[in-house]
Amino acid sequence: MFRHLTVRLGTLFRREMEQELDAELGYHIDMLVEQNIKNGMSPSEARREAIRVFGAVEGIKDDVRDNWLSRFFEVAAQDIRYGVRSLRRNPGFALVIIVTMALGIGANTAIFSVVNGVLLRPLPYRDGDKLVVLHQGQGDPVANDIGFSPREMEDYRQSRSLSDVVEFHNMFFNLLGRAEPARVSTGVVSPNYFDVLGVKPIYGRTFVAADDAPGAPAVLVLSNKYWEHSFDGDPSIIGRVFRMNDKPHTVVGVLPPVPQYPLEVDVYMPSSACPFRSSPQARASRQFRLLTAFARVRPEATLQKSQADLDIVASQMQKSYKETPQSPGFRAAAVPLKTDLTSNFTSTLWILLGTAGFVLMIVCASIANLLLARMVRREREISVRAALGATRARLLRQLLTESLLLAVSGGVLGLVLSALSVRLLVSFAAKYTPRAQEIGIDLNVLFFTLGVSVLTGLIFGSIPAFARRFDVAPALRDGGRSSHSSQRVRSVLIVAQVSASFMLLIAAGLTLRSLMTVQNVNPGIRTENLISWRADMSFDKFPLTMAPPERRARVAAYWTEYESRLRAIPGVLEVAGGGTFPLNEVDPFPQGLIRDGHPLPPDRQPPQIDVRFATTEYFKTLGQPIVNGRAFAPADTLTAAGVAIVNQTAAKQFWPNEDPVGTRIVGGPGQFRTIVGVVADVRQQLDRAPKAEVYVPVGQTTITGTTWIVHSKLPLDELTRQIKTVSHAHDADLPVASFRTLAEVRSEGLAPRRVVVSLIGLFGLLALVITAAGIAGVIAFSVNQRTHEFGIRVALGAQRSRVLALVLREGLVLVTIGLAIGLAGAYVLTKLVGAVIFEQQTTAGLTLLIGTHPTDAATYIGVALTLVLVAIIACLMPARRAATVDPMVALRAQ
Amino acid sequence: MAPKSDLLQGTLDLLILRTLSGEPMHGWGISQRIQQLSKDVLQVNQGSLYPALHRLEQQGLIEAEWGNSENNRQAKFYQLTREGRRQLAEEQKNWERLATAVARVLSGS
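Just so you know, the protein sequences line up as chains A and B, in that order. For the first sequence, my numbering gives the first residue as 1, with consecutive numbering after it. For the second sequence, my numbering gives the first residue as 1001, with consecutive numbering after it.
Any given hint might turn out to be false.
Distance ranges between label pairs, derived from CB positions [stated by the list, open to error]:
#: 1; chain 1: A; residue 1: M41; chain 2: B; residue 2: N1068; range: 23 to 29 Å
#: 2; chain 1: B; residue 1: T1081; chain 2: A; residue 2: P262; range: 55 to 61 Å
#: 3; chain 1: A; residue 1: N90; chain 2: B; residue 2: G1067; range: 52 to 58 Å
#: 4; chain 1: A; residue 1: G451; chain 2: B; residue 2: E1083; range: 28 to 34 Å
#: 5; chain 1: A; residue 1: E300; chain 2: B; residue 2: R1097; range: 44 to 50 Å
#: 6; chain 1: A; residue 1: L765; chain 2: B; residue 2: T1081; range: 57 to 63 Å
#: 7; chain 1: B; residue 1: T1011; chain 2: A; residue 2: P43; range: 32 to 38 Å
Worth flagging that the hints you see were computed from the coordinates, not collected in a lab. Note that CB positions come from ideal geometry on N, CA and C, so glycine has one too.
Let the sequences and hints guide you as you build the complete structure.
Laid out in structure tokens, this is it:
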């Protein structure tokens, strides 16, 4: 199609330009003739002389034509036509190259589309680059973020370089008015939240200032996903009224399908509608630090300026309020929203892009090798063309055109492959970042693919093109036998492939080993025959307006009752209740721990500890042994003395060289809890070390959102049905959801790691296959070239096994050199990259190597043996052909 | 035959541009004008003139139009583009600098 078009266009222009050139030169000659006649020559003599003076018309025409731009396209069209013809003559060869290329480009395009969607594209919000997330905390405010209280938000609004400071916090509320009570994840936000982000609703409206006024009717805005899933995208939802927190809430708007930051929620409500946020205590307290703060940097201000402003506000707050942490290292920080949203994914992505790049390098070397082999076969053709007057430049151009043709075809196929994998990639990236939905094939990705394809084509095309000398005579004389220089280039390429594959396989091997280590890690709990679910009490059940002592008692009684109902289910062995449980993604809020009799200096913040809640059978259900003291007992109620249990890490950290049992910690103003036991450590995440934890009995708290686990050998669906029935009988408005076995939870927690490891492994496998094919190709080629030699050897009495060994040795020498270089490369790489990315990742990012040393000997030996084995198999086929050469046939063939 | 001098490389472009700085001209006219202005010292070889004209046209320094010549025949007239004028000024300056320098060396001062 394209070819015809260029050719047609070229010829169209050509005809006109040729006519003009004829006329122009003709005019010049005519003028010469006229001049000659004027000088006294006869007309025929004048014309002869004019033509003699003018010179060879065709030569001048040729020189002129060389200056025409269309000439370029004409030659290109010719090259393409010729290239297609020559490739069509050898479809198998073309197919192998295009498929190899497609795999390399597909891998890179797929990973780049993720990088592009998540890291490169601007946020899909108005001036997304001006949006920042605020953090405040000790030392590094991002890592030690303590959150913001409503009154602190007011103070930070004084920063002159920030135009809007808006709040967000996430709550789970019960939404009543649908067939079943539903637990909805709710974003509680400032009324101008959506205006600051620049999000317009698709139906209805977002919030206005009046919605946030005290006593204003409660309103809801639905997220697009929740509206689609739960209301089938029904536009008449606007105006529907649901009961939440003992109040009617009217739906006023539906959001467009924008990614939701900082996390996906079902519905949004203004801050006045949240019973916690709007309570007088929350409004008054400077320590009600529940909020996440977003802000917009003024158009004329810079991030540095706003950072300086925040520092001023933070230090002023320290001077004015004793509730503000008084330590000298207390700071606030503004981080671009984009950075904040992707921070734990960035390094993983660069690793993946790097490994994909390695695959492409191997692909490139492999194709260059194939082309080189083909060049040798085309020696005669090329020599003939050179002899007929094609210049070296012209021949190079022809060869590069063919390479580009192959590269771009492979690139297009690769693009198709990656487009098919986009959905898979989105679900993978969604485990890391809310930006996952933005992943797709856009113009950036198209340009990337085109650019990389062309570049790859130029590289793999120019290696064989420049490895050849276009000497006419020797090629014709030798009858088209390979010269030594090309054989050397081929060997170098194989060595490069082997070493790159080795490094890639080392990466795959190390991460795989690490995954297996993590998978086999003992989390410190049992996971068999345990099922977990969430149960969240309605806030209107025991409103905050109740007297606190009465409310505390009612809440505690509510859960004690629920626990005993669950235990009464026949077949249920143990019942555990708490806030969250090990191996799931939900972490509890850390709090400061102060020991009784160990007061802190006034300028110090108490060291942080994770506070967890547990019912009496919690440790027994999960199989967490009590190593010292006792577990919680039914007697540990509100009326009894406050108790707590710490884990071993906490015991070591807070009670060094001391027995914590019997000592007391501060549990509130004038309140203490006695440590009654020490429990064994648990890994809350398989890939993270245990943290310091303190457990508090559920019966002595006012917890409303709970997680339950029962130990039972009943069939799952039967058990789930029973639990639902019992829960409904306990409280018809109690939603129970997220039923998962602990084995599932354990496996799901490792899903992102498994995907990363599978991707690296897939790339490694790809590299291995391509390299094996490359080795087989090179050896087969060399055997072909040496058929004559082998024929002579066999004729002179060489054993067939001797010939076999000869060929194998040739392959293994290359592989050994490749392995040595790869070993050095892998060592340097793990030293450079491994130290930075693999091990020292302290933030939430994925630490790829856990429990596996980057120079793990078993991995290195295993990978090396695999490569050697594959190389032997790859060499064996051509080697056997060499060994079975019939000397008569081989000699006669020459 | 008039005394002949080979043109320095790159000089032909300068001469063509200079010749065209006045009015549009066809190829024949350009060769005649250069010969005339140089008092027959410089003779432009047609074999270089036409490739040069087409090259300059591709470079966008001159543009061509078909028009009627003095003897009322169709001829291809070339004229400078804006780019071409800028290039002419540039090259003229270079040439003058070179010529002065060469003259200085030759006079030995």
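Going down the list of hints, with the structure as the test:
The supplied range of 23 to 29 Å is met by M41 (chain A) and N1068 (chain B), whose beta-carbon atoms lie about 27 Å from each other. In this structure, T1081 (chain B) and P262 (chain A) meet the distance hint of 55 to 61 Å, their C-beta atoms being roughly 58 Å apart. Separated by about 54 Å at the C-beta atoms, N90 (chain A) and G1067 (chain B) satisfy the suggested range of 52 to 58 Å. As the Cβ distance of G451 (chain A) to E1083 (chain B) is approximately 30 Å, the hint placing it in 28 to 34 Å holds.
Separated by about 49 Å at the C-beta atoms, E300 (chain A) and R1097 (chain B) satisfy the suggested range of 44 to 50 Å. Judged by the Cβ atoms, the range 57 to 63 Å given for L765 (chain A) and T1081 (chain B) holds: they are separated by roughly 59 Å. Distance hint check: the CB atoms of T1011 (chain B) and P43 (chain A) are about 35 Å apart, consistent with the given range 32 to 38 Å.
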